[in-house]
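So you can see what is in the structure, the chains are spelled out below.
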Amino acid sequence: MVRLDDSIKKRLAVVGVMVVIIFSILLIRLWSLQVIAVDKYSKMAESNRIRTISATASRGIIYDRNGEILVNNRPSLVVAIAPSEIENKGMLLKLGKLLNMTPDEIEGKLKDKTADPLKLRAIKYDVEENIAVYVKEHSLDFPGVEIKVESVRNYPKSTMAVHVLGYLGEINEEELRENENQEYESGDLVGKSGIEKQYEGILRGGKGFQQVEVDASGKVVRILDEKEPIAGNNIQLTIDSNLQLATEEALRDAIVVARRNGYPDAGAGAALVVNPNTGEILAMASYPTYDASLFIGGISSKQWAELNDKSSNFPLINRTMMCSYAPGSVFKPVTYVAGLMEGLVSHNSAFDCEGTWVGMGKKWPKHCWDRAGHGLMNLSSGLSESCDIVFYEVGYKLYKAGGEKLQKWAREFGLGSKTDIDLPSETRGRVPDKAWKKKFNEKYPEYQRWVPGDTVNLAIGQGDLLTSPLQIADLYGAIANGGILWKPHLEKRVLTAGGEEIHKFERERLADVSVSEKIMKELQRDLRRVAVDGTAKRALEGFPVEVAGKTGTSQVKGKDDFAWFACYAPINSPRYAVAVMVEQGGHGGSIAAPAARRILAASFELPSTGPMIVSDKSR
Amino acid sequence: MKKRDIFEWIRLIDFSLIITAALLVIFGNLMVYSATHNVSQGSQFFYLKKQITFSLIGFLIAVCIVLLNYNWFKHYMMPLYVGNIVLLLLVLFIGRTTYGATRWISMGFFHLQPSELAKIILILTLSAFLADKKGNIGKISELFTVFAYVGLPLLLILIQPDLGTALVFLAIMLGMLFISRLRWQHALFILGTGILVIFLVFQFNLLREYQINRLMVFINPGVDPMGAGYNLLQSKIAIGSGSFFGKGLFSGTQTSLNFLPVRYADFIFSVVGEELGFLGAAFLLGLYFFLIYRGLAIALSAGNLYGTLVAVGVSSMWFFQIFVNVGMTMGIMPITGIPLPFLSYGGSSMLINFVGVGLLLNIYAHRFK
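Chains as they are written, first to last, in the numbering used here: chain A, 1 to 619; chain B, 1 to 369.
No lab work stands behind these hints, which were simulated from the structure alone. Beta carbons: idealized from backbone N, C-alpha and C, even for Gly. If a hint is listed, it holds; no wrong ones were tucked in.
Output of the computed footprint for chain A on chain B, the stretches with three or more beta carbons under 8 Å from beta carbons of chain A:
1) 178-191
2) 239-247
3) 254-265
4) 277-290
5) 295-301
The list that follows gives simulated cross-link-like pairs (lysine-lysine, PhoX-like), each with its CA atoms no further than 25 Å apart:
6) A:Lys89 - A:Lys148
7) A:Lys557 - A:Lys443
8) A:Lys192 - A:Lys111
9) A:Lys557 - A:Lys439
10) A:Lys207 - A:Lys148
11) B:Lys134 - A:Lys9
12) A:Lys557 - A:Lys438
13) A:Lys9 - B:Lys133
14) A:Lys487 - A:Lys192
15) A:Lys9 - B:Lys139
16) A:Lys10 - B:Lys134
17) A:Lys487 - A:Lys405
18) A:Lys219 - A:Lys136
19) B:Lys133 - A:Lys10
20) A:Lys438 - A:Lys408
21) A:Lys559 - A:Lys366
22) A:Lys9 - B:Lys74
23) A:Lys197 - A:Lys418
24) B:Lys139 - A:Lys10
25) A:Lys405 - A:Lys521
26) A:Lys366 - A:Lys400
All chains should be modelled from the sequences, with the hints used to inform the complete structure.
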C-alpha cells in the first residue's frame, strides 16, 4: 500500500480546519439572521406580502332646504400612472397626445414627493370613454398606466351657491399634521372651503380597507381582512335653490348695470337673504363666482393662478362673510338707537342741515351728501333722507358723552365679532375705538389719539368701521324681529345616507339687543319711511309687500362708492332680511335697492317687475 | 458467495457517504418541489419530474463509475483533456444563448452544460498531471505549467461567459495545488497575481454591468433595493423570517409569492431557510459538512496520490460552491451564479455531483490497493 507522506496529511488537516471555520461562519451568520434579526426580517416579509388598500367612503350629498341636490357624486374615468414611469419619456409623450396634455404637465403630476411612491398617480379625470378603451386595449404600449373609475363631486346646479358649498382638494401636509389621529392619508380629498370644509367630518364618512396578500408582481392572491367603508352623512342646507338663483342673478345684473351706468370698476358684490326669526340663510351670493368642478382631479396651476389674480376679482372669496367693508349709511340705525337709548337726542330734537356742518369748529367742517342742505330735520326724517348732518350731531353728542357709547351699541348689534355662521374663514369686521386706534397706529404716535371726528365719522358708518354683509343682514334681522340676534346658519339637518335624521339645527340666540321696545318700534317705523318716501322710494315704488330698509353709499379712498341696501319684509311679520352690497357700484338707492327688490320679489314669489336702476344721489 | 466475501464487500462501501448523498438528493428534490409547485404555468410537477429523472440518471452513472477503477481515468488523461477543450469550443459555436451567455448545448430533452462537465474533467486530468509530479511542485516553472494547463479551459469558460464556474475552477486548482505541497512563497505569488488580475479587470472594465452591480450590492447591501439589491434583500428576508423552526414546508411566503428570485436554482438555500428555519438549514449545513468530511477522509485514506488528489478536487469543488452559494444567500458573499450541490435545480450539475460521489466511493473501495 502506497501511503501518503506526513506533509500531505498535514495539509489535509489544514484544509479540514479551514472547512470547520467556514462552516462555523455560515452557521453563525445563519443564527444571526434567523434568531437574532428574526423580528426585523419577519416584519419585512409581512410588509412584502401584505398590502392594505384603503377604500374611500362615498361622500355625503348636500341638499337644499327643499331636498334638491346641490352636490352629489358621479363616476369619472381616470388615467393613472405609476410614478416610476416618469423616466419613460416616449410613453408619456404618446399618452400626453392622447389626453391633450404636455409631457411637462404629466411629469408635474408624477413628481409630487409627498405621495406614496408606490401608489398610482391620477393624471387626468373625466377621460373620454373611447380614449380609455384605447389605452386599455393598447396596454402594452402604455406600461404602468391604468384606467380607473373614481367617484368625484358632481354639481347639478353648475356654479350655483358655489361659495356656500366650497370645493374639494388633496389634503396638504399641514392638514395631514392637524388631523394626525384621523384616518387621513396623503392623496385624500378634503373640503377646502365652504360647507365641504365646515362639515368635512360629517360628509366624509369612514374609510374602509382591504388587507390583501400580494405576490411579487403586486397581484392580489387573497383577501385577508376587509372592512366596508361607511358612507358619509348627507347635509340639508337652509338654502332655497330658487331664491339662491334669483339672488345670484339680481346681484350679477346689478353689477352689470352699474358698470354700464358710470361705474366701470363695479365687478364684485355680495347679497344674502336671512330668515329674521331663525337665522337661517336662505340665499347667499357672492360675485364673481367660479366653477368648483375645476378642482376635480386637481386644479391646474394655470387655472389656480387665474382664480387668484387681481384682474379676476378673486372669485374664490365669499364676500358675504369673508370680507368686511365700510357700511356707510346702513349703519345709521345703530347711531339712531344709540342717541335715543343714551338719552342724548329725542324725536323732538331739531337739526338744521345747511349742507355743511361745523359742530366741531370751523376748522373741521363736514358735509352732508346733499350739499344744498336738507333744511330743518328731525331724527326720523334724518334717517329716511339719510341726512349726514343729523347723524354728525348725534355722533358728536355721543363723543362728548364719553364712554364709547356708539361702539358699545355697534357691538350690541353684533358688529366687530363673528356671527359664528357655519362657514370657515369668517371675518369679524371692526368696530374702531380708542384702544384699537392706539394699537393700530403703534408706529405713528401722532395718529394714536381718538378725536371727535372719529366718532362723527363712525356715526355715518364711515371711518374705520368695517362690517361684513352677513353682519348687516343679521343686524337688520334683529331690527325686524324686535331685537334678537340669531346665529346665522346654513345647516338645516344632517341625515344618514339612508335618509334618517341624526341632527337638526335649532335656532340659536347670539344676543339680545337691549333696545327698548318703544325705540325699536320707532326705528322700524322710520326704516319703513325710507322705502315709502325716503332714499329707497324710487327703487321700491309699487312693490306689493311692505318693506323697511336703509340705503348706504360708502366711500372708500381711491375707489368708486360702494352701494349698500339692507332691508326686511313684510314689516308686520318679517320673513326675510336682505342685504345687498356692490363694490364700486355707486349709490345704494340706485343700484343696491333695486337688486334687493328683485330678491324680495323672488322671496315672495312675485314677478320681478322693478327697475334695474333708479336715480338716487343719497349716501 | 461466502460470508467472509460479503463482509469484505461491505468493507469496500462507504455507507455514510451514500446515506449523506441520498439525504441531500431527497432534500434537494423536496425543496425544488416546494419552490416550483405553485408556478403559474404548466404542471406543478414539471420541475420535480425533471429533477427526479436527473437524480435517477445520476444514480446510475454513479453506480457505473463505482464499478470501474478510478485509476483507469489516469490513463486517459490526454483524451479527456482534449475532449474537454473540444466540448468547450463547441459550446461557443453551437451553444444556446440565454441572458447573454452561451453555456448550453441542446441534447434534445436536456441542455448539457459543458462547463459543469469540465469541472470533473479538470479534477481527473489535473490530478493525473499533479500525481506525475509526485505531489511536488517545487519549481515556479512547474507552477506555470499547471496554470497553462488549467488556464486553457478556464479561458474558454470565461468567454461564454460563466464567471461562477471559472471561480470554481480556480478553487479546485488551489485546493489540489495546496495538497501538492504548494510552497508558501508560491502561494503568496498566486495571491499577488490574483490581486493584480482583479486590479486589471477593473482597470479595463472587463466586468459586465450586472457583475459590477452585484459587487456594489455586496459591498453596500442597502443600495438600490428595487434593482440589483432586490435579490439579496429578498433572500435575506426569506431566511431571516424563517426563524428557528421555519414557516413549514411549502408555507414560505417569500417562496410561494415569488418574492424570491430564481428560488429553485441559485437561491434554493433561501427556501430551506424560510420554510425549515434554522433547524432545517443547520441540518443541511451539517449534511454538507459531513459530505466534505467524508471527501477529505477518503482523500486521506486513498490508495495512491492520484486518488487523494481526485478526492481533494471533488471536495474543493463542493466546498467552494457551498460556501459561495450559501454565503451569497445570506449576504456574506457576492452574488455569482454558482449552484448549490445536490439542491439547486439543474441536470448537468446534478449529474456531475453524482459523478463526484461515484469517484469518492470508488477511491474508498480501492483504498487498500
